[in-house]
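The whole structure should be built from the sequences, with the hints applied where relevant.
So the protein sequences, as listed, match chains A and B. Residue numbering for the first sequence follows UniProt numbering, starting at 1 and increasing by one per position. Residue numbering for the second sequence follows UniProt numbering, starting at 1 and increasing by one per position.
The set of hints was computed from the structure by calculation and includes no laboratory data. For glycine and all other residues, C-beta sits at the position ideal for the given N, C-alpha and C. Among the clues, some could well be false.
Here are the simulated distance ranges between beta carbons [stated by the list, open to error]: (1) A:37 <-> B:193: 38 to 48 Å; (2) B:493 <-> A:37: 27 to 37 Å; (3) A:60 <-> B:519: 30 to 40 Å.
Below, simulated EDC-like cross-link-like pairs (lysine to aspartate or glutamate); rule was C-alpha separation at most 16 Å, straight line [claimed, not checked]: (4) A:97 <-> B:230; (5) B:455 <-> B:476; (6) B:271 <-> B:332; (7) A:97 <-> A:36; (8) B:397 <-> B:142; (9) B:82 <-> B:70; (10) B:124 <-> B:142; (11) B:249 <-> A:36; (12) A:41 <-> B:248; (13) A:53 <-> A:169; (14) B:574 <-> B:592; (15) B:249 <-> A:43.
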Amino acid sequence: MFGRLAAQRLNEIRTSIRRTTQASRSFSTALNYHIDTPDNKTDLPWEFNNANKEKVKEILSFYPSNYKQSAVIPLLDLAQQQNGGWLPVSAMNAVAKVVEVAPIRVYEVATFYTMFNRTKVGKYHLLVCGTTPCMIRGSRGIEEAILKHLGVKRNEVTKDGLFSVGEMECMGCCVNAPMMTVADYSNGSEGYAYNYYEDLTPKKAVEIVEAFRKGEKPPRGTQNPGRINCGPEGGNTTLLGEPKAPPCRDLDAAE
Amino acid sequence: MGLGLLASRALRSSRIIRNSTRTIVSTPELKNADAAAAAAAAADAPSDLPKRNPVGGARVHLPNPDDVIEVFVDGYPVKIPKGMTVLQACEIAGVDIPRFCYHSRLSIAGNCRMCLVEVEKSPKPVASCAMPALPGMKIKTDTPIAKKAREGVMEFLLMNHPLDCPICDQGGECDLQDQSMAFGSDRGRFTEMKRSVVDKNLGPLVKTVMTRCIQCTRCVRFASEVAGVEDLGMLGRGSGEEIGTYVEKLMTSELSGNVIDICPVGALTSKPFAFKARNWELKGTESIDVTDAVGSNIRIDSRGPEVMRVVPRLNEDINEEWISDKTRFFYDGLKRQRLNDPMIRGADGRFQAVSWRDALAIVAEVMHQIKPEEIVGVAGKLSDAESMMALKDLLNKMGSNNIFCEGNGMSPNADLRSGYIMNTSISGLEKADAFLLVGTQPRVEAAMVNARIRKTVKATNAKVGYVGPAADFNYDHEHLGTDPQTLVEIAKGSHPFSSALKNAKNPVIIVGAGVFDRDDKDAVFAAVDTIAKNNNVVRPDWNGLNVLLLNAAQAAALDLGLVPESDKCIESAKFVYLMGADDVNLDKLPDDAFVVYQGHHGDRGVYRANVILPASAFTEKEGIYENTEGCAQITMPAVPTVGDARDDWKIVRALSEVAGVALPYDSLGAIRSRIKTVAPNLLEVDERQPATFSTSLRPEVSQKVSATPFTPAVENFYMTDAITRASKIMAQCSALLKK
Ligand code: SF4
Ligand code: FES
Ligand code: FES
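Take a look at the structure:
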């Protein structure tokens, strides 16, 4: 009797373990340490270009001179734009030199923020929102459609170097879910754009990708022609009259 | 316990899993929070509270009576100075709060949340380590809320922890283990996959198992705040967070081993010690480190006849709670290249093991055939005071007065004690606001002194001026020049750094002991004295004039008057007695000289030796060592001596008897009474004895400083003496870390 019970219990434990292994935990895809590759090495030279050197000065001027390190995030952003959407380790070192801190302090920031890409991305980096509201409204399908269309996996760059697809957490646009962002690095930091494309359908998403491939800049915002920005489809349905003043206090009398 | 009971248990637990309605509260009173709270309130009554003592017997120092506030810890009132944190207040009240990230010598991070306590009127439990105590605060550390909060935090911490204690070197001395036993729940509810983290390569000393890390960031803060190497950082975010260097990089700090101690879990452990022993099998012996002149307090952990590891002991005045990597990892040198039999070099140039009787007889015989002034004794850098006393007495009895300690130079100035010790004291350096380092690179000469200087520079922005060869510093410094001429300029006041010294309230000058070997040392010291005089460095309330010694034996040797009669004694010697002296320059020694080497390692001294007398190392004997600030401390034997080796002083005593000039002592106590007549300060153990007279009594010198630049006194931090040169770990360090 005891043996049978034990065996039964063991079996239960086994199944419970098996169950959990299937639901594997997915972590953020980027590595938190650097591996030397031919285009990403510490000893490669990297510098801000002349136009951006001016911008660096401007950015630094926003902060007190003894708190230079406060400029690390805008500078990393600038470096990323200049470098076609990603930060090689030498670019981080350059930023560290500008703000006069040890490189590790810059690595810490760059690894913390998911919008700093530490591996190559496409000229158009497509970020599909994966958070609950968008997910409920079908963001998985959208990502799948794009990935299938481009023939890549997540965080992979297409062969022509034009596109890469990543995932983002909520970008505050849930009212127009599902949505994706396109970070456009095709024109360096001057032409840099970061636009939201909302109310997507898988088909619409693929169309947008194709438009970018042709060099067009499809209009940002909701892709549902029946909506204006985040207004409801077919015009407003509530709050139609003039807003009424608050009933609580007679402001004139109060004066 | 019957089978039926077991079976029903198994059934019950399986049911629980199925319904997933386990309760995590293991302590029954938590299930009934109200009753427990009432009981706690009853216990709160401040009437007959037993007297409580601060954790660890700490003493509370209330510097300013106006800045004292009163708080209540579990109803017990304590007076604390303003600015203390809730955690410190609890400690003073005798309540030890569990913690991981808080470390009293590092900045406060407040990221582990283990120290949560309840504070009356605060809606949530507060992290006591980061919360300043406010007057009248009512802190509760053992209420259901506090207990439950800890239990919850513990469960979160263990969620991603591998729980691999059976194969973890930290097991048995792990904060996480202890605190989860004391404050954690008896089960967890986490059934998902645990995360795993790539191990980092931090070098030959620190082993990493990063999956065990609980992200307390103590190591990161230690590296940047104490060690001064900004290499480690917290990378990534959320559950992907990990400690690392991002680009592969070894930890190139002379203090890196301390992260092993401060890591509360087994993420950072000692690489050389990995899988060698469990800490409960080790016997701890409280002793003193002799690899430099700091005299760091250490505990030697041994198992049987083997030293397994060295860990620091707390001594606020000397090493705080850190030790250098050399101190921590040289111990494998104690097992290698040891001399274990008396040996005599035969006619064929090979050594032959002989009995003690024969070896001593030969030495005594040769000694008697030599003219007294041709007998020279050299004490090595690891010699203890007792053996130096015995050797000096023996040589004196033989009629010779040529004895010196290596590192002190051939004409040491032993008359004024203030002229060769650190008068400010190591902890006193913290009050300084300007440093002038003369020919010393503290980072390699005395890592713990350097850590103090760095601490001071960080805290007070003290200015550091450095005269000497280009060197590595881990704090801001000004390189003023490389030769003594710069000193003359500073003395004259024509150097820009003079004003920094002049404006300083507590200026400090540190002269490296490497200067002792210079021909113009008197002139250098005269220049330093002038600088001291012009800048008020020595006052009744402040003595900022220091010498930083290099070796553990130096201070005691000078105290005991180990000064050779002639500074050319080596050139004319016919009989040289090397007591562990490996670094003395014997090039000029005549070829027919007879050399006796008494020591524990087959190191440099052995090459020239005619007779070898095996002695015990400092881990095997009791001996007095005086550190650079003039504090005498005693080493304790942790392991038995190897082979036929004997304590140094016993060998000298035996030799004196064979030579027919028996020394009048035959026990440690007796030899110490003898020391008392020469240098009584050496017997004031563990208490720093300041020098009585200042160096202003030094005679005038006519010598001029030369233009020869200062040279580095220590070429390789990791290999400075016979033991460290025999150590494999140190060899690895010098190969990997010294570029
Ligand atoms: S490695 Fe150790 S000390 Fe460093 S953060 Fe992790 S647990 Fe803390
Ligand atoms: S969930 Fe996608 S934008 Fe908020
Ligand atoms: S000890 Fe207070 S949060 Fe870690």
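Exercise. Does residue 476 (chain B) lie within 16 Å of residue 455 (chain B) when you go C-alpha to C-alpha?
Worked result: holds (12 Å)
Exercise. Would the pair residue 53 (chain A) and residue 169 (chain A) pass a check requiring their Cα atoms to be no farther apart than 16 Å?
Worked result: violated (32 Å)
For this session: Measure nothing beyond the straight line between the CA atoms of residue 41 (chain A) and residue 248 (chain B); if it is 16 Å or shorter, mark the hint as holding.
Result: holds (11 Å)
Problem set entry | residue 397 (chain B) paired with residue 142 (chain B) [C-alpha distance capped at 16 Å] | violated (70 Å)
Problem set entry | Restraint check for residue 97 (chain A) with residue 230 (chain B), where alpha carbons must lie at most 16 Å apart | Holds. Residue 97 (chain A) to residue 230 (chain B) sits at ~14 Å (cutoff 16 Å).
Exercise. Taking the CB of residue 493 (chain B) and the CB of residue 37 (chain A), does the distance hold inside 27 to 37 Å?
Worked result: violated (57 Å)
For this session: Below or equal to 16 Å on CA atoms is what counts here, so check residue 82 (chain B) against residue 70 (chain B).
Result: The hint holds at about 9 Å.
For this session: Starting from residue 249 (chain B), check that the Cα of residue 36 (chain A) is at most 16 Å away, please.
Result: holds (12 Å)
Problem set entry | Holds or violated: residue 271 (chain B) to residue 332 (chain B), with C-alpha atoms at most 16 Å apart | Judged against 16 Å, a Cα distance of about 12 Å means the pair holds.
Problem set entry | Straight-line alpha-carbon gap residue 249 (chain B) to residue 43 (chain A), limit 16 Å | holds (14 Å)
For this session: Starting from residue 124 (chain B), check that the Cα of residue 142 (chain B) is at most 16 Å away, please.
Result: holds (15 Å)
Problem set entry | 16 Å Cα cutoff - pair residue 574 (chain B), residue 592 (chain B) | With Cα atoms ~7 Å apart, residue 574 (chain B) and residue 592 (chain B) stay inside 16 Å; holds.
In summary, the structure is inconsistent with hints 1, 2, 3, 7, 8, 13 from the numbered list given earlier, while agreeing with the others.
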